Amino acid sequence: MLAESLFFTAALFIIGVIGVMVRRNIIIIFMSIELILNAVNINLIAFSHYWQQVNGQIFAIFVITDAVAEAAVGLGILIALFRNKETVLADEVDLLKW
Amino acid sequence: MEPHYPLFYVFHFYLFGVIALASAVAFVTRKSPVAAALWLVNTMFALAALYVMLDAQFIGVMQVLVYAGAIMVVFLFVVMLLNLGHPSEIADTRGIWWKLAAGAIGVGLLSEIMIILRAKLPQQLIVPRDYAEVQLQKLNAVGVIADPLFKDYLLAFELTSVLLLVAIAGAVVLGRRERVAGAR
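These protein sequences, in sequence, are chains A and B.
For what it's worth, the working numbering labels the leading residue of the first sequence as 1, then goes sequentially.
For what it's worth, the working numbering labels the leading residue of the second sequence as 1, then goes sequentially.
For the record, the hints were derived by calculation from the structure and aren't laboratory data.
Take these hints with a grain of salt, some might be off.
[What the hints assert, rightly or not] Facing chain B, according to a computed beta carbon distance under 7 Å, are these residues of chain A, among others: (1) Gln-57; (2) Ala-69; (3) Thr-87.
[Stated by the list, open to error] Below are the DMTMM-like pairs computed for lysine to aspartate or glutamate, each with C-alpha atoms no more than 25 Å apart in a straight line: (4) B:Lys-31 x A:Glu-92; (5) B:Lys-151 x A:Asp-66; (6) B:Lys-151 x B:Asp-92; (7) B:Lys-151 x A:Glu-4; (8) B:Lys-31 x A:Glu-4; (9) B:Lys-99 x B:Glu-112; (10) B:Lys-151 x B:Glu-133; (11) A:Lys-97 x B:Asp-55.
[Stated by the list, open to error] Some chain B residues near chain A, calculated using beta-carbon distances under 10 Å: (12) Leu-7; (13) Ala-24; (14) Ile-59; (15) Asp-92; (16) Leu-149.
Since this is a predicted model, take the numbers as computed values, not measurements.
Note that beta-carbon positions come from the ideal geometry of N, C-alpha and C, so glycine has one too.
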C-alpha cells in the first residue's frame, strides 16, 4: 500500500498548497496548512507500516502536537489582527509592504 | 517487498483515500469558512480510517480526538467569534494569475512525486515482515507507541511540553484585550 499512500498524500499535499495560494481568507489558509500537515503524517505512517517500525508513528505524534501549537498561536494572532484591522483577508494586511 | 493484501483491504483503502481527496477538493472550493471546516473534518475522519488500516491505531484515535475534535472546533469557534457576514459578500479567491501559479506548482509537485514513485526503495528489511504485528500482539496498540516514546524519544517528548506551554502563553498574550504598551 506504499505507492497508493504516496499518491494520495501527494494529491492531498497539492490540494493544500493550492488552497494556501488561491484563497485569501486567513482561516482557510490555516486549515489548508493543517491539510498539508495531515498529508505528511499519512506519509510517515505509510513508511512506518512499510518498514514495520514505529518511529514514523512517533514522528506523527510530534507533528500533531506542532499542529496544535501552531493553530493556537495562529488563531490568537488572527483574533488580534481582526481586532486591530477588521479584516481576515491575507492581502489586506500590508503594513510591512512598501 | 510488500505482502499480498486481500481485495477487501485494498478496496477500502482506495475508498477512504478517494473520500479524503474528494472532501479535500470540496474543502478548498467552498466559499463559506464553516462549510470548508466541516469538509475538512470529513477529510480528517477518512484519514483516521487510513491510519487504522496502516496499523497505526493510536494515531487514528488521536487524529479523531485532536484534529477533528479539538483543532477544528477551535477553528469553527474563531469563525463564529469573528462573525464575518455572508460568504458571498467576500471575494475570497485571488486573481487568475495566482490560480495559474498554483496550478503550475501543483503540476510540478505531482510530476515530482511521479518521478519519486518510480525510484527503487531498498527491499531488504532490518526486521522480519510481521514484526509490527508481533509487537502489536505483545504490547497492545498503546504500548507499541508508548515504549519508544518514553525511552528513545523522552527528551523530545519533554521538550514538546515546553513547546505547548509557550504556545498557550503566546495565545493568551495575543488574545488579551488591553493594548500592550507601545503598540498603536
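* Please write out, lowest number first, the hints stated earlier that are contradicted by the structure. => 3, 6, 7, 8, 11, 12
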